[in-house]
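Student: Below, each chain spelled out in residue letters.
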Amino acid sequence: MFDIKDLYQEVIVDHNRSPRNFGKLDDADKTLEGYNPLCGDKLTLYLKTDGDTINDISFDGSGCAISVASASLMTDAMKGKSMQEAESLFNDFHDLITTDKEADLEELGKLAALAGVKAYPARVKCASLCWHTLHSVIEGSDTPVKTE
Amino acid sequence: MNNQNTAKSVNSDSSTFDVEKIRADFPILQEQVNGKPLVYLDNAATSQKPNQVIETLDKYYREYNSNIHRGVHTLSETATAVYETAREKVKSFVNANSTKEIIFVRGATEAINLVAQSFGRDSLGPEDEIIITELEHHSNIVPWQLLCEQTGAKLHYIPINDAGELILEEYEKLLNKKTSIVAVGHISNALGTINPIKDIIDKAHAVGAKVLVDGAQAVPHTKVDVQQLGCDFYVFSGHKLFGPTGIGVLYGREALLDAMPPYQGGGDMIQTVSMTKSTFNALPHKFEAGTPHIAGVIGLGAAIDYVNELDLDVTAQYENELLDYANEQAAQIANLLFVGTAKNKTSILSFTLDRIHPHDIGTILDGEGVAIRAGHHCAMPVMERFGIPATARASFAFYNTREEVDALIQAIDKCINVFG
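First to last, the protein sequences are chains A and B.
Letter by letter, the first sequence follows residues 666 to 813 of our numbering.
Letter by letter, the second sequence follows residues 890 to 1309 of our numbering.
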């Protein structure tokens, strides 16, 4: 049995109520939209990069607490990361919410608060929408991301 | 077998309505979800099935499973007879003139697609217009959009007001002699609004248009008389009527169906097949190509027997009282916004909570054993109209209770508690 507060941890409630890095980055050099057609969650990621480094990152859009908190935590974690570090974190986070592999909690930091999502298969997409969008940006895609 | 006429003698005073006796017919209502008793309030998505339906399906598969309309052996004759008896039951249920007017399909969606393609594709052109409404769910929008793309016909929407009611003055402005088809939901799935379809049908007929009524949400809540309504097509799904999934009904006026070309080709819908040409079977078989969902049809027949026994007038009164109680309780919750407040509506409570997304509400309620729908209800234009991405929707059936409404309200309080 899962306690609902394992999913809606304080850090998630907080990042949903006051999302960090929320709003458009005017001098972004990379932007991409992500959309979850099943539930209607929508977000746009804005990245300011310097060659290989994510100097700044923000998002806007609308969605449930899980998707907003996930995007808020992800953007916080990405500032100053190289593309390779970002991709590595994407893989770790993906494992955290979809597999039983032991996660590197130290590397994940606050992102580990989203681990509870694993017990709610219908909500995994909410947490991963922003991550799949970032992954597409890193891969150089300009096609809006859709999760099904 | 058909109790429709005798059931009317049941006392329609819902104070004599024995909900516990009815609940005992639905085994799933004894289930626990996340350690809590199941409170099933997602009836507009699909309804639960009574023992009478489950046992009918079981008996078919155990005792007389066989193909229909083609065997000379005993099982096939039995299955054919029960299948065709179910068609008689559906005919009486909607008061069609003839069983030739009752076509079995997969569900309301397939029925609408059948009409759009078989009736619409050959007869419509760029000068024609189709009218639907802002209340429709996607299955009564997309088939008409496809038809418009194929024929060049134009699609118009009857708008709704802030209560979620159709604005009939706007409908009258949209109607003209180019209007070929009016397709309207009898009851809105997202908001519960009951549309004045008799009036809508009469006005459409005055300009020579044909009318399809999507009754998917209506048949579990209200008696339907297609002859009294005068509609040309009426469609519904079995699974929302306490029957199996994968089975639905298209009612069509015989003269219209007779003139329409087949929708799909295959076995059972033909009279003769040669290498070069086939001739088609008579109604209703012309539209039932291939081996149909025999168990589904038979199960639907059992579901119709079940609701006839209860009497939809009696159950609707009980459901309305339950909705009144739910509305009163929900109105006590600060920051709860009702979406869809039509004067004439069925037992659907669609709402939002300030700063809490419906999907989070759905997950937290599920943790309390309360099953609701959270999302756009496959009715994105309705959501757009209200400027919201989604709602939380509790939809009640006659087996729900006041105690379950209380459980819903307590679970909503928990949402507010979680999000502070």
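Calculated from the structure, these hints are not laboratory results.
Every value quoted in this text rests on a predicted model; they were computed, and no experiment measured them.
C-beta: ideal position from N, C-alpha, C; glycine also.
You may find that some hints are simply not true.
Pulled from the structure, derived: some chain A residues nowhere near chain B, Cβ distances all over 12 Å [what the hints assert, rightly or not]: (1) N681; (2) L690; (3) D706; (4) T714; (5) G728; (6) S732; (7) M743; (8) K746; (9) L770.
Think about it this way: if two alpha-carbon atoms lie no more than 30 Å apart in a straight line, the pair counts; the simulated DSS-like pairs of lysine-lysine are [unchecked claim]: (10) A:K783 to B:K1303; (11) B:K1303 to A:K707; (12) A:K790 to A:K766; (13) A:K783 to A:K707; (14) A:K744 to A:K689; (15) A:K689 to A:K766; (16) B:K1303 to A:K775; (17) A:K695 to A:K670; (18) A:K744 to A:K790; (19) A:K790 to A:K746; (20) B:K1303 to A:K790; (21) B:K925 to B:K1303; (22) A:K783 to A:K670; (23) A:K766 to A:K744; (24) A:K790 to B:K925; (25) B:K925 to A:K783; (26) A:K670 to B:K1303; (27) A:K670 to A:K713; (28) B:K1087 to A:K670; (29) A:K775 to A:K689.
Which chain A residues stay away from chain B? Per the calculated CB distances, all over 10 Å, these [stated by the list, open to error]: (30) G705; (31) T709; (32) D725; (33) A730; (34) Q749; (35) S753; (36) N756; (37) D765; (38) A787.
Student: Compare the structure with each hint and give your call.
Tutor: These are the hints, each one checked on the structure:
1. The claim that N681 of chain A is not at the interface with chain B is violated, since a C-beta of that chain comes within 12 Å of its own (minimum 8 Å).
2. In this structure L690 of chain A is separated from chain B by more than 12 Å, as the shortest Cβ-Cβ distance comes to about 24 Å.
3. Interface exclusion of D706 of chain A from chain B breaks down, the closest Cβ pair being 8 Å apart, not more than 12 Å.
4. Distance check for T714 of chain A against chain B: the nearest CB is about 30 Å away, which clears 12 Å, and the non-interface claim stands.
5. A beta-carbon of chain B is positioned within 12 Å of the beta-carbon of G728 of chain A; the least distance is around 7 Å.
6. For S732 of chain A, the condition that its CB be more than 12 Å from all CB atoms of chain B is violated, with the nearest at approximately 8 Å.
7. Under the 12 Å C-beta cut-off, the non-interface status given to M743 of chain A relative to chain B holds; the minimum distance is some 24 Å.
8. The beta carbon of K746 of chain A sits about 28 Å from the closest Cβ of chain B, which is more than 12 Å, so the claim that it is off the interface holds.
9. Look at L770 of chain A: its CB is around 24 Å from the nearest CB on chain B, clear of 12 Å, so calling it non-interface holds up.
10. For the proposed pair K783 of chain A and K1303 of chain B, the alpha carbon gap of about 22 Å is at most 30 Å, so the pair holds.
11. With a CA separation close to 26 Å, the supplied pair K1303 of chain B and K707 of chain A stays within the 30 Å bound.
12. Restraint check: the Cα-Cα separation between K790 of chain A and K766 of chain A comes to about 19 Å, which is no more than 30 Å; the hinted pair holds.
13. For the given pair, K783 of chain A sits about 21 Å from K707 of chain A by alpha-carbon distance, which is consistent with the 30 Å threshold.
14. Proposed proximity of K744 of chain A and K689 of chain A is supported: the alpha carbons are some 15 Å apart, at most 30 Å.
15. Among the hinted pairs, K689 of chain A with K766 of chain A is inconsistent with the structure: their alpha-carbon atoms are about 35 Å apart, more than 30 Å.
16. Between K1303 of chain B and K775 of chain A, the direct Cα distance comes to roughly 25 Å. Compliance with the 30 Å bound is thereby established for this hinted pair.
17. The hinted pair formed by K695 of chain A and K670 of chain A fails the criterion: a straight-line CA distance of about 36 Å is larger than 30 Å.
18. Of the pairs offered as hints, the one joining K744 of chain A and K790 of chain A holds, with about 23 Å between alpha carbons and a cut-off of 30 Å not exceeded.
19. Between K790 of chain A and K746 of chain A the alpha-carbon distance is near 24 Å, which keeps this suggested pair within the 30 Å criterion.
20. Straight-line distance between C-alpha atoms of K1303 of chain B and K790 of chain A comes to about 24 Å, which keeps the hinted pair within the 30 Å bound.
21. Our distance criterion of 30 Å between C-alpha atoms is met by K925 of chain B and K1303 of chain B, whose separation comes to about 14 Å.
22. For the suggested pair K783 of chain A and K670 of chain A, the alpha carbons sit about 14 Å apart, so the restraint of at most 30 Å is met.
23. Proposed proximity of K766 of chain A and K744 of chain A is supported: the alpha carbons are some 26 Å apart, at most 30 Å.
24. Pair hint K790 of chain A plus K925 of chain B holds up; C-alpha atoms about 26 Å apart against a cutoff of 30 Å.
25. For the proposed pair K925 of chain B and K783 of chain A, the alpha carbon gap of about 21 Å is at most 30 Å, so the pair holds.
26. Taken as a hint, the K670 of chain A and K1303 of chain B pair is honoured in the structure, with Cα atoms around 11 Å apart against an allowance of 30 Å.
27. For the hint linking K670 of chain A to K713 of chain A, the alpha-carbon distance of about 35 Å lies beyond 30 Å, and the restraint is violated.
28. About 50 Å separates the Cα atoms of K1087 of chain B and K670 of chain A, which puts this hinted pair outside 30 Å; it is violated.
29. Using a Cα cut-off of 30 Å, the hinted pair K775 of chain A and K689 of chain A holds, with the two alpha carbons roughly 23 Å apart.
30. Non-interface call for G705 of chain A relative to chain B: violated, since the shortest CB-CB distance, roughly 4 Å, does not exceed 10 Å.
31. Non-interface call for T709 of chain A relative to chain B: holds, since the shortest CB-CB distance, roughly 15 Å, exceeds 10 Å.
32. Against chain B, the non-interface label of D725 of chain A holds: every CB pair exceeds 10 Å, the least being about 14 Å.
33. Distance check for A730 of chain A against chain B: the nearest CB is about 5 Å away, which does not clear 10 Å, and the non-interface claim fails.
34. Non-interface status of Q749 of chain A relative to chain B is upheld: no Cβ of that chain comes within 10 Å, the nearest being about 33 Å off.
35. In this structure S753 of chain A is separated from chain B by more than 10 Å, as the shortest Cβ-Cβ distance comes to about 29 Å.
36. With a least beta-carbon separation of about 26 Å from chain B, N756 of chain A lies farther than 10 Å from that chain, consistent with its non-interface assignment.
37. D765 of chain A, annotated as away from the interface, keeps every beta carbon of chain B farther than 10 Å; the closest lies near 21 Å.
38. Listed as a non-interface residue, A787 of chain A fails to keep its Cβ farther than 10 Å from every Cβ of chain B; the least gap is roughly 8 Å.
Consistency with the previously given hints fails for numbers 1, 3, 5, 6, 15, 17, 27, 28, 30, 33, 38, ordered from lowest to highest.
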